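**Student:** Once you've looked at the hints, dock chain B against the given chain A.
First to last, the sequence lines map onto chains A and B. Heads up: the first sequence runs through residues 452 to 941, numbered per my numbering. Heads up: the second sequence runs through residues 452 to 941, numbered per my numbering.
For the record, the hints were derived by calculation from the structure and aren't laboratory data. Model, not experiment: these values are computed from the prediction. One or more hints might be untrue.
Heads up, the list lumps identical chains together, so a pair's fine if it works in one copy or across two of them.
Okay, derived cross-link-like pairs now, PhoX-like style, lysine-lysine, Cα gap no bigger than 25 Å in a straight line [to be verified]:
#1 K563 / K538
#2 K549 / K563
#3 K658 / K563
#4 K775 / K833
#5 K775 / K705
#6 K798 / K498
#7 K549 / K538
#8 K538 / K552
#9 K498 / K746
#10 K705 / K639
#11 K759 / K684
#12 K929 / K847
#13 K746 / K658
#14 K508 / K775
#15 K473 / K705
#16 K472 / K705
#17 K563 / K552
#18 K498 / K786
#19 K746 / K552
#20 K498 / K508
#21 K587 / K473
#22 K473 / K508
Number of protein chains: 2
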Amino acid sequence: MAKDITPRSEDYSQWYNDIVKKADLAEHSAVRGCMVIKPYGYAIWEKMQRILDDMFKETGHMNAYFPLFIPKSYLSKEANHVEGFAKECAVVTHYRLKADKEEGVIVDPEAKLEEELIVRPTSETVIWNTYKNWIKSYRDLPLLVNQWANVVRWEMRTRLFLRTAEFLWQEGHTAHATKQEAVEETEKMLDVYADFAESYMSMPVIKGVKTESERFAGAVDTYCIESLMQDGKALQAGTSHFLGQNFAKAFDVKFLTKENQQELVWGTSWGVSTRLMGALIMAHSDDDGLVLPPKLAPIQVVIVPIYKGEEQLQKIETYISPLKKELKEKGITVKLDDRDTLRPGFKFAEWELKGVPVRIAIGQRDLENQQLEVARRDTKEKQSVSMQNAGEVISKLLDDIQKNIFEKANSFREEKTTEVNSWDEFKEILENKGGFVIAHWDGTVETEEKIKEETKATIRCIPLNNKEESGKCILTGKPSKQRVVFAKAY
Amino acid sequence: MAKDITPRSEDYSQWYNDIVKKADLAEHSAVRGCMVIKPYGYAIWEKMQRILDDMFKETGHMNAYFPLFIPKSYLSKEANHVEGFAKECAVVTHYRLKADKEEGVIVDPEAKLEEELIVRPTSETVIWNTYKNWIKSYRDLPLLVNQWANVVRWEMRTRLFLRTAEFLWQEGHTAHATKQEAVEETEKMLDVYADFAESYMSMPVIKGVKTESERFAGAVDTYCIESLMQDGKALQAGTSHFLGQNFAKAFDVKFLTKENQQELVWGTSWGVSTRLMGALIMAHSDDDGLVLPPKLAPIQVVIVPIYKGEEQLQKIETYISPLKKELKEKGITVKLDDRDTLRPGFKFAEWELKGVPVRIAIGQRDLENQQLEVARRDTKEKQSVSMQNAGEVISKLLDDIQKNIFEKANSFREEKTTEVNSWDEFKEILENKGGFVIAHWDGTVETEEKIKEETKATIRCIPLNNKEESGKCILTGKPSKQRVVFAKAY
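Excised from the complex, chain A in its bound form (with noise of 0.2 Å):
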């Protein structure tokens, strides 16, 4: 059953293209940088959202939703933050077409907007401006607000999933009145990120805090997960940023103390993007397709029933159906596969390929042995189980499967997590090896460039809690006090 998938070992790259694509996922829109995300890959994006946006509520968040466009002097009140978006705006120029003779229809000159509009590459300054009305005195504060948004960076090189030029996501912006309390809800919600990351997509990463050229465009600081992909790059699956009083500053926002004083009000905004879909897809998944852990699986069991003709289906039908309600209620999601024009050989591929973590197959003499065959997705093995104690079976498996890939991307990450002491070792590892590289760095933006110039590899963070360690930068010799993460990274 050839599934046309290109092994990772061969082309990783176009492996990657090959899942996204045959497994239903995504694909490039008519549209430069623009992705359509498929019904089965947004299925799985709507499980993720919902789970977060559990999460959210659960922490004291509420949705709200706020203008796609940004005029353009919004964008330049935060000095560093336009200048970390302006290279990728979408600009809104005017809001009427009109017909033409020759050309059918083209942009009506005379409905030129007097100011621009950018289409929102993120939130923070349409947001911090309306904040300014909705803050006035402590009681307002904290306000802990959550969106879920499409957004739009200009990007030249684009990825399906990885980096498009619209994306989805969702973005927290809180308000705070105090320091303390701004970085503890950064923090909080990298955690958030963390979990989600670790228990629902099997998917370990590291926290840490990035190096100030990889500071969110108008942050103090950023923190962030990182997580190492098969072909031992990293990516970064989420930020939460501490924005100080940065945006604050920009639009005037203060508040009555409980001392009646006037202060500036501290800020966090935090994310995660439609690029987690990318992140799952190449943390598990094989040569046959994608391997999705089953707490975000659309459907989380298959029956592909083996049959000749009708009355042999329906026999299957009733054998399997207590077992379909069980599973129900259990709240496992199930499919029954009855197309009646494809062969049950071409389903498990096509159900494989999906990332269906257990597949049930029934024929004829499992109805006879009251019994059914059990097969999971991760290591392919089969069992033969009867059915009696069916349900109990399949639902520890669905637990074993979310345990075990997780364990087996742990266990890659640890192996391709290498403590380097030279700058030649650094180099060798980071050729012949890749993954994360553990190494000391004197600290400075210019020590950081250079290695990215020659290594490609980018300090993906420090890490939170990291341990006190004097040595010497891999580059410079120069004295440094703790070990940061590198990768090349995605």
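**Tutor:** Quick look at chain B alone, frame taken from chain A:
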């Protein structure tokens, strides 16, 4: 307790604005025509979304996501479609800003797009261009897809929720092998909308078909649900379009039939938007604020403790705790308002303003008597309820409120629906009574136009299953086969 809401009788339009603003539902943003949906307003929209989404999935649809931008040439492919939307398009012409000594940041003239991109006003064109690749044979049909998204139509005169340049909506786009199946889908989704409006929004609607001049640009038939607001004006609450083969033709979408023939695909599209929020507000609210149907209320029951000092509050909290638990187990959302800076009267007024269906007040005497005071928002009636059966009483009360506000809106609509048989009567009713006016029309666009010019009334719809009844057009006296529904409209 002044709430500063303008009474409906004084200025209906201002009353509406006051409620939207003071109940914290939405506000104008700094971007012309775009709104900010505030957390409380967004929570209502989320409830609508969740229920509708479940209804769409129940009827076999899956969600997907298509690009925000539409190449100008795509929009032009269906002649009626572009004519309908060209006058209100936000157009992206550039993809970069750059620093400028004088102005700070300007649009980089060198980053001009070869082809302008339109911010989607609706997605038929970009979706049918995608469907071309998804549909090859009858096995790929029907294709039942929905998208939750933001769209932009550059409106000159905007009103919060009712008409904004950017709004949120869902748009279903389906493809079918036969005309009959597509018509059935169009009607099925209209039924879903009508069911949602009546069962969840408690808002009675008329189901009907639009006349040619009110049809969606590119549709063969537009079905709609029409509701009546408290000022006697009609509001179109949802539309479902039978597209025939128009978009299949424009984008060359054909499929191989079972009989091995190439045929054009049949299409539908259907949508409801944040406009429903406007309808919800205007259908039920009163001079004290919002009135929400319990099924859409983010907070269904609010508990206001009446106390002096921490000790009394503690006692009330202990007293009320089992009831809170019981209500939560029944799936009822309860909020305890324990803010200690505000007086009970202020809280009462605030929760009335926000439309919370049931308010519980508990003072020291209630503790002694093992009872509580229960007030319903819709009728303002209060009753003393014994603690013992409070859970049951409240649960039933929520059902009663849901039904009662439907009945009230329904009676209002009946009262405001008038059959007329002459032009003078028609004008008189529109002028003095408003509401739906049921009258004969000769079936021509010219007459429809003339009636609109003279009275501002439009044909809202030709009701489904309309009874045949010969008569004479109220304006021209020409023969007519059926009555249609006229009204002034939002």
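**Student:** Tell me the numbers of any earlier hints that the structure contravenes, in ascending order.
**Tutor:** Failing hints, ascending: 3, 5, 11, 12 and 19.
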